[in-house]
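Protein sequences, first through last, are from chains A and B.
Going by my numbering, the first residue of the first sequence is number 1, and it counts up by one from there.
Going by my numbering, the first residue of the second sequence is number 1, and it counts up by one from there.
Treat the hints with caution; some may be incorrect.
Straight-line C-alpha distance at most 25 Å; calculated DMTMM-like pairs for lysine to aspartate or glutamate [unchecked claim]: (1) A/156 x B/25; (2) A/35 x B/475; (3) B/293 x B/475; (4) B/389 x A/28; (5) B/45 x A/60; (6) B/209 x B/377.
Ranges between beta-carbon positions, derived for each pair [as the list claims (entries may be wrong)]: (7) B/417 x A/57: 32 to 38 Å; (8) A/38 x B/161: 53 to 59 Å; (9) B/293 x A/38: 52 to 58 Å; (10) A/35 x B/113: 43 to 49 Å; (11) A/124 x B/324: 51 to 57 Å; (12) A/38 x B/26: 33 to 39 Å; (13) A/35 x B/306: 41 to 47 Å; (14) A/45 x B/293: 53 to 59 Å.
The set of hints was computed from the structure by calculation and includes no laboratory data.
The beta carbon of each residue, even a glycine, is placed where N, CA and C say it ideally should be.
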Amino acid sequence: MEEGKFNRLQMIAIVIMRVLIGWHFLYEGIGKLMKGNWSASGYLMQSKGLFAPIFHWMADTPGVLSVVDQMNIWGLIAVGLGLIMGCFTTIAAVAGMGLILLYYVCNPLFVGYYYSIPLEGNYLIVNKNLVELGALIVVAVTKSGWYVGIDRIIHKLGLFKKKK
Amino acid sequence: MNDEKKDTSKETAGKKTENKLDRRDFLQGLATAPVLGIFGYALAKEIGYQNAQKAAYEATKEVDPNLPELNVALIGYGGQGEVLLNAMLNIPKLRFRAVCDIWTEYSLRRVVNLLSRYDFEVNGYEDYREMLDTEKDLDAVVIASPDFWHARHTIDCLQAGLNVYCEKEMSNNLEDARQMVLTARETGKLLQIGHQRRSHPRYIHSYEKIIKEADMLGRIVTVNGQWNRSVQEDLTWSDRYAIPNSRLQKYGYGSMQQFRNWRWYKGLGGGPIVDLGSHQLDIYNWFLESRPKSLIASGSTDYYPKETHEWYDTVMVVLEYETERGPAKAYYQTQTTNGSLGYFENFMGIDGTLVISESEAANSGSVYRQPTATPWDEWVQKGYITAPKMQTISAESDALLDVRETMSPDEHEIPIVLRDPYHQPHLENFFNAIRGLEELNCPAEIGYETAVTVLKVNEAIEAGRRLTYNPGEFEV
């Protein structure tokens, strides 16, 4: 990013957006953790579209399913913490995009597909997941963690700096 | 922030700076940490709320190891006796000493065998009087004989110094029921009538919290309830185990058919309105805090053969109340040819609706807020009811609300589940009352009020017109 491209207000706005998304991810993860017996199997079983066979296979294979469940829960929590704290912000944002993309691909909102669990709004192809994904693209490319976030400290201390 | 900081901040955004960490970097680096604090606080609140809901849901029970053991006898091991005994076997500190059933060839043998397996030394009796003469250290007796035997069994047991749990209906005639109340008073012994919903935690919660404390329903103007059952074959017996005619006659039965199916015979039982309706009309009186003024009823045996089904297989009744808050009408139906929608009671107030039943499977317990009523957030937070279920509109339905309709209200569940057998809390209440730990939830006087309410339904059907209750009729 070029120096001086964002003024302070714009940077703060991005940080606020980043923290809100992080909160959402964190609680999605903790909420599933608290349920104790949560599993993605229901969601995966509902899968439709091009990749449905893969998701159905995941749901039907117990070993795979438990790995998927754990990765999903802890992935959500890690992404949430990363976004809130601005720690490895870019990695967190990209990982978050990956998760959302998986959710979307699993149950795409293409015309003619009706997901059997009722949704709380009206969508045509674009749903809130995709909007959140778009917001994460902004987070991923703006390095807001270098402004407010642990990344700033990491950067200043020169940790993880590539050796030349 | 001062100006100096403002200047540096512009440079900092995304800029590669020197490897020097100053105070400002540190603060800005951790600036979002308080968000985690707020998150933690909100999470703790949420967990606390969920735990409160769970605790209310599970209603933990403690058993005091110092409770005195009670010596118990059972009279009548038919279908209902079996249900009660199964519940009692879950209750600690009970010692079964004697059982009595006139079907010595079958029921008595079964129950003695069952209790022996649980290491109880029980004596079996055909005649309850012999039992009372022989067993001298009994504390309590549980009576599950046919209705027309209740009064004699209860009165003799009370006079023998026993505390009595007697199944409903208290009696098949009011004069006998009255004598039962009087004998309980004279002897000072406890007499609990088996309207077991009176001890059901969900019913107690609904009455005390939802209706009384929170007044979620507002004034209740109408009530609706039912117990519908599918067609059932008559109960049968094997000739190998048939009771000799002389013994049947001694105990008031004309035949084995009558002995097995006494609930359908006049003079022995009261029919479905008494067997089933009695439980639910009892709740009407309880929740309305009132007793009916009058009633209109229709009933007849429409499906089964009238010779074997003297009492009505189909009954519909409207009870008219004058509650403290104003008049109320309560409909009830029981029919035995189709099990549609099972059984429930539905209290409809101006602010909300309560649908409740003893079942954990269907109509367990929900309240619905009228759109015009004050919000119920406080009661949701207190855990009295759950948060409303999300309303879903089916994709196929394009129907728009008509001006004559109001939106369907949100459904809140009552977070109380009974995992024990239905009759267990009521029996526990009885045994704890003997130990002086609790008051009876359904003493003889309440059972009597319900008997007056219910037996008049059959009377009104026969009369074929509206009958009124005399207010003094409910008192003994």
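Each hint, compared with the structure:
no.	hint	result
1	A/156 x B/25	holds (8 Å)
2	A/35 x B/475	violated (53 Å)
3	B/293 x B/475	holds (14 Å)
4	B/389 x A/28	holds (19 Å)
5	B/45 x A/60	violated (36 Å)
6	B/209 x B/377	holds (14 Å)
7	B/417 x A/57: 32 to 38 Å	holds (37 Å)
8	A/38 x B/161: 53 to 59 Å	holds (58 Å)
9	B/293 x A/38: 52 to 58 Å	holds (54 Å)
10	A/35 x B/113: 43 to 49 Å	holds (46 Å)
11	A/124 x B/324: 51 to 57 Å	holds (56 Å)
12	A/38 x B/26: 33 to 39 Å	holds (38 Å)
13	A/35 x B/306: 41 to 47 Å	violated (57 Å)
14	A/45 x B/293: 53 to 59 Å	holds (57 Å)
The structure fails to meet hints 2, 5 and 13 from the earlier list, while all remaining hints are met.
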